Amino acid sequence: MAEYITLAVDGLQALLDELKRREYRVLGPTIRDQAIVYDDIESLRDLPMGWTDEQSGGHYRLVARQDDAIFGYPVGPHSWKRFLHPPVLPLWQAESAGNSVRITTTQGPDQPFAFIGVRSCDLHAIAIQDRVLIGGQHVDPSYRDRRKGAFIVAVNCGEAGGTCFCASMNTGPKVEDGFDLALTEIVIDDQRLFLTEVGSPAGRDVLLQVPHRPATPDEIAAADGVTARTAASMGRVMRSDDVRELLLGNLDHPRWDEVAERCLTCGNCTMVCPTCFCTSVEDSSDLLSGKSGRTRHWASCFTLDFSYIHGGSVRGSARSRYRQWMTHKLASWVDQFGSSGCVGCGRCITWCPVGIDITEEVRAIREDRPAERTHHED
Amino acid sequence: MSTAILPDTLRAGPDPMLPRLATVRRRRRDTSQVWTLDIEDSVVSNEPFVPGQFNMLGVFGVGEVPISLSGDPAVQDQLVHTIRAVGPVSKALVRLKPGEVLGLRGPFGTGWPVSDAVGRDVIVIAGGLGLAPLRPALYRLLAQRERYRSIQLLYGTRSPDDILFRRELLAWRRRHDIAVEITVDHAPADWTGHVGVVTTLVSRSSFDPAQAIAFVCGPEIMMRFAIAALGQAGLADEAIYLSMERNMQCAVGVCGHCQFGPSLVCRDGPVYRHDRVRSFLGVKEL
Ligand SMILES: Cc1cc2nc3c(=O)[nH]c(=O)nc-3n(C[C@H](O)[C@H](O)[C@H](O)COP(=O)(O)OP(=O)(O)OC[C@H]3O[C@@H](n4cnc5c(N)ncnc54)[C@H](O)[C@@H]3O)c2cc1C
Ligand code: SF4
Ligand code: SF4
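Those protein sequences? They're chains A and B, same order as listed.
Following full-length UniProt numbering from start to finish, the first sequence increments by one per residue and tops out at 378.
Following full-length UniProt numbering from start to finish, the second sequence increments by one per residue and tops out at 286.
Calculated directly from the structure, the hints in this document are not laboratory data.
All values derive from a computational prediction rather than experimental measurement.
Worth double-checking, as some hints may not be accurate.
Each computed DSS-like pair below joins lysine-lysine, with the alpha-carbon atoms no more than 27 Å apart [as the list claims (entries may be wrong)]:
(1) Lys174/A to Lys291/A
(2) Lys174/A to Lys148/A
(3) Lys91/B to Lys291/A
(4) Lys97/B to Lys291/A
Listed next, the stretches of chain B that the computed footprint assigns to chain A, with coverage defined by at least 3 CB atoms under 8 Å from CB atoms of chain A [said to hold, decoys possible]:
(5) 122-131
(6) 190-198
(7) 240-247
We treat Cβ as the ideally placed atom computed from N, Cα and C, and that holds for glycine.
When you get a sec, could you build the whole thing from the sequences and use the hints?
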């Protein structure tokens, strides 16, 4: 049986305080540069209370809400991968000593993370990166160390965004497991409350120091209503049951040429995607000290460098690079890591400068529509 | 889809991105662009590498690239790599002098299924530098020659000057238990051997297609033609193995660069059975 308690708004502040007291680095949503991003959170005042973000293909805008909801926004451009799988990571340093070399590794973070406001799609994205980075034969130790102690305060979405399609991907909007605490923001008799599901012993333990009370059946029913409404109002849909076979069976579909005419190969979609994990390494050296080192950074399959082997890039055309990205997300990921690589968060649609929509591209191939924009019938 | 985290995925383990040290012991020049390095690993493994596997070799401050093992797997205290100097890292590698230290990770990847060749005709087809990752398989085959039916090496290079491991090939040619056929694309006047692409050697060679197994390594286009010729000679796709090349940053399945359709070359390759990748080999720019 799920275990529920109810927090008031000041209970949420007490939760943040308790996590800090336990020396977590508390990270959560906050407004910066006209967007809701994830950053260090000191208090409730840092959270985007009263704001939402309006999203559609190639479009993102902060909008004031009519109420003072704290989690009343769909996900912004950031995802938790920027903390668990950092954009730039020094791997090791080497120092020559006579005819030998001494290699030292980089230390992991000294504080465990507490993530506030993890949505169901992002929880699934974290589970997907777990499978890729620590679930295989080889373990990425930096990811493991960051992931291990992370405390997760999930939030059930109160509203679907214009580009969301988690319901199609079976990844939301209601969180099911993999969290320490899961909040649903509800309003009962004009009072803002957080119905809280306890997901782990660590979650229960933290609550010992946070004022709360048992949840009432009305509150539980209200929370269920919130996620049911969200599920019914998804901005996008995508049939996902046979998409692997559909794409792998259509590697030479003319639609790839059509999307390549619009795609700028900017790689934005790969940067905002919460599951994209690709990286490159780079060596550097300091001539004066004789020290050298290797650094890992996020890479995008939309660059020519990505597939470069001596003599040229394997994927020279935009067509092949868009196809690589989309077939990897939705098809070959299943072969490689046992699940889809897409959680339906919609970020790639919102942040694509030309509004390319992965759900629409799948639909076009399914309906065998090669070139919808240039197609004229007269 | 469950998000539950399995506790054993949080297990400890060595850092697969951390190189160990190795020391260059010998360096020799094979052709104008190709050198072979014998290196000594600081950690001697009791398990021989599998022919066809590769290591990540790194020059500190310059970078790290995948290079196949080209030596005899039976010789355990020395790793042999044959490197074409084409760019920053490979040029830095071949400039290392005996006694100098490099970074080493590996061995990685799948290998040639030498034990599946027992009792069969073995056809080894190499194009250019593709001979390097096949040489360990040839050593293994010749070490227990009696276990196989015929063995033939069909090798194509651009010109006679590009022939790798020349002395060894000549020695093998003098043996009667292996056929070595070499062809070149461009021949000078004094060349008396075959001229033309390596695939032409396939149609001249004789083997029992029902009993044969083929190992193919070279540029992708050459492998496609060689496989087509083997198919025409009656060899089943299940009896043909090839080795793929892709960009590799990590070699342990987490960097994403070496994807080849649904597989990762570092993990599921580089050596593949042809029937398992047939449908992807012909797709342009996959
Ligand atoms: C499984 C496998 C086995 C190989 N075996 C051999 C071998 O035995 N001998 C040999 O000479 N070559 C081999 N290669 C090819 C060799 O790795 C490339 O020629 C080498 O990476 C070139 O790097 P470079 O810096 O010298 O030159 P450039 O080709 O100019 O490369 C410039 C930069 O591009 C990147 N790059 C280019 N190719 C690759 C690559 N394949 N993987 C990662 N990064 C790359 C590197 O960052 C490099 O520094 C193999 C490749 C693979 C995948
Ligand atoms: S592919 Fe797009 S919708 Fe799917 S997880 Fe990545 S960013 Fe979200
Ligand atoms: S799909 Fe959009 S975001 Fe992705 S590379 Fe193309 S233009 Fe950029």
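The hints, checked one at a time:
{"no.": "1", "hint": "Lys174/A to Lys291/A", "in the structure": "violated, 50 Å"}
{"no.": "2", "hint": "Lys174/A to Lys148/A", "in the structure": "holds, 23 Å"}
{"no.": "3", "hint": "Lys91/B to Lys291/A", "in the structure": "holds, 20 Å"}
{"no.": "4", "hint": "Lys97/B to Lys291/A", "in the structure": "holds, 20 Å"}
{"no.": "5", "hint": "122-131", "in the structure": "violated (count 0)"}
{"no.": "6", "hint": "190-198", "in the structure": "violated (count 0)"}
{"no.": "7", "hint": "240-247", "in the structure": "holds (count 3)"}
Of the numbered hints listed earlier, those contradicted by the structure are 1, 5 and 6.
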